[in-house]
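K.L.:
So the sequences go chain by chain: Y and H. Under numbering that gives the first Met the number 0, think of the first position of the first sequence as 0, with each following residue one higher. Under numbering that gives the first Met the number 0, think of the first position of the second sequence as 0, with each following residue one higher.
Think of the hints as simulated: they come from the structure by calculation, not from any bench. Misleading hints may appear alongside valid ones.
Unchecked claim - Cβ-to-Cβ under 10 Å is the rule here; a few derived chain H residues that face chain Y:
#	residue
1	A21
2	P46
3	R49
4	L59
5	I128
6	A131
Said to hold, decoys possible - Label pairs and their computed distance ranges (CB to CB):
#	chain 1	residue 1	chain 2	residue 2	range
7	Y	V15	H	V81	46 to 54 Å
8	H	A7	Y	S52	38 to 46 Å
9	Y	A26	H	A10	43 to 51 Å
10	H	A47	Y	V20	30 to 38 Å
11	H	T74	Y	P36	36 to 44 Å
12	H	D43	Y	D49	52 to 60 Å
13	Y	P36	H	A77	20 to 28 Å
14	Y	A21	H	S9	30 to 38 Å
Claimed, not checked - A few chain H residues that don't get close to chain Y, going by computed Cβ distances all over 12 Å:
#	residue
15	S9
16	L14
17	L17
18	Y18
19	R50
20	A52
21	R57
22	A162
23	A165
Backbone N, C-alpha and C fix where the C-beta goes; we use that ideal spot for every residue, glycine too.
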Amino acid sequence: MASLDAAATIADPLDVAGGAVARDEAAAAWRAVGRLPADRRQALILRFVDEMSTAEIAGVLGRSEGAVRVLVHRALRAVARDLESGSGDR
Amino acid sequence: MSLLDRDAASADALLTDLYLDALLAGALLGAAAVGEGPGSIDRDLDPAARRAADRLRRDLARVHPSFRFEERLATRLAEAAVAMRVPAAAGAEGRVVPFRAARYPLDEPDPFDDDLRGQTRDLSRPLLIGGALTSAALSLAGAALVAWRRGRPSRSVPSMVRAARAARAAHAARRLV
């Protein structure tokens, strides 16, 4: 069961400024993902959007599970660099 | 890349994978909301990868489970439809083949008759009428042949039949006398 403190993180539907910031951050995340090479981008989308397991992604991409783990890890580090450098906002 | 580096990269990737499993399963939602780490995985994990994972977990739109259910249902229905089509394609069981009448253009259509221009004559009705007339004619011919054969006995009557007829004629003659 979630705590009451966790409920405070739910976005207020009337908070227009907060909604705009959330949308802007989501767009920046998508832009950072879009700048990845195709195989890394595909692996991240399968992992986060389709919520596939590593084994499922390995089946889709035709790679070993170890290779998919490394692919996702490197993709995450690239996204982190992109977002922290601020280039994801452009 | 040396073997040690490769092992280190694989270990980092494995840690990231474990963290993502827990994160996407929702086990870390409560802890992340209050700023607590998920334990040993969080301590050993690359901070940049962890921050990126948290950000993508929050910002990327996820596919709702109902959509996945609909996709699976659509796939299963498509497979069932394909399975039902296979026997029909193999043997065409139960398929109705329409009878197509032979058609040919009118011999000399009236050039001033717009209704008949370009029309074709349907042969199905004359064929049916002709077939019925031929069948009736054959039936009448057969009935006439049977009547003629019964009224005019052939010469090749068996001897027993001839003996019976002779005995019947003699008996009738005696009764008359």
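K.L.:
Hints first: check each against the structure and report whether it holds.
P.N.:
Against the structure, the hints:
1. The interface hint given for A21/H is broken, as the beta carbon of that residue sits about 12 Å from the closest beta carbon of chain Y, more than 10 Å.
2. Given hint, P46/H at the interface with chain Y, holds; its Cβ is 9 Å from that chain's nearest Cβ, closer than 10 Å.
3. About 8 Å separates the beta-carbon of R49/H from the nearest beta-carbon of chain Y, less than 10 Å, and the hint is met.
4. The interface hint given for L59/H is met, as the beta carbon of that residue sits about 5 Å from the closest beta carbon of chain Y, less than 10 Å.
5. For I128/H, the shortest C-beta to C-beta distance to chain Y is roughly 67 Å, which exceeds 10 Å, and the interface hint is violated.
6. Checking A131/H against chain Y by beta carbon gives a least distance of about 67 Å; that is not within 10 Å, so the hint is violated.
7. Take V15/Y and V81/H: their Cβ atoms lie about 50 Å apart, and the range 46 to 54 Å holds.
8. A hinted range of 38 to 46 Å is violated for the C-beta pair A7/H and S52/Y, which are about 24 Å apart.
9. About 34 Å separates the C-beta atoms of A26/Y and A10/H, a value inconsistent with the hinted range of 43 to 51 Å.
10. The supplied range of 30 to 38 Å is broken by A47/H and V20/Y, whose beta-carbon atoms lie about 22 Å from each other.
11. Taking the beta carbon of each, T74/H and P36/Y are about 29 Å apart, not inside 36 to 44 Å as hinted.
12. A hinted range of 52 to 60 Å for the beta carbons of D43/H and D49/Y is inconsistent with their spacing of about 27 Å.
13. At roughly 33 Å, the beta-carbon separation of P36/Y and A77/H lies outside the given 20 to 28 Å, and the hint is violated.
14. Judged by the Cβ atoms, the range 30 to 38 Å given for A21/Y and S9/H holds: they are separated by roughly 35 Å.
15. S9/H, annotated as away from the interface, has a beta carbon of chain Y within 12 Å; the closest lies near 6 Å.
16. Distance check on L14/H: its Cβ comes as close as 8 Å (rounded) to a Cβ of chain Y, failing to clear the 12 Å threshold; non-interface status is violated.
17. The Cβ of L17/H sits about 10 Å from the closest Cβ of chain Y, inside the 12 Å cut-off, so the non-interface label is violated.
18. A cut-off of 12 Å between C-beta atoms contradicts the statement that Y18/H is not in contact with chain Y; the least separation is 10 Å.
19. Distance check on R50/H: its Cβ comes as close as 6 Å (rounded) to a Cβ of chain Y, failing to clear the 12 Å threshold; non-interface status is violated.
20. Consistency note on A52/H: stated as away from chain Y, yet its beta-carbon is not over 12 Å from all of that chain's, at 6 Å minimum.
21. Not every beta carbon of chain Y lies more than 12 Å from that of R57/H, the smallest distance being close to 8 Å; the non-interface claim is violated.
22. Listed as a non-interface residue, A162/H keeps its Cβ farther than 12 Å from every Cβ of chain Y; the least gap is roughly 97 Å.
23. Separation of A165/H from chain Y is adequate, the least Cβ-Cβ distance of about 101 Å exceeding the 12 Å criterion.
Of the numbered hints stated above, those contradicted by the structure are hints 1, 5, 6, 8, 9, 10, 11, 12, 13, 15, 16, 17, 18, 19, 20, 21, listed in ascending order.
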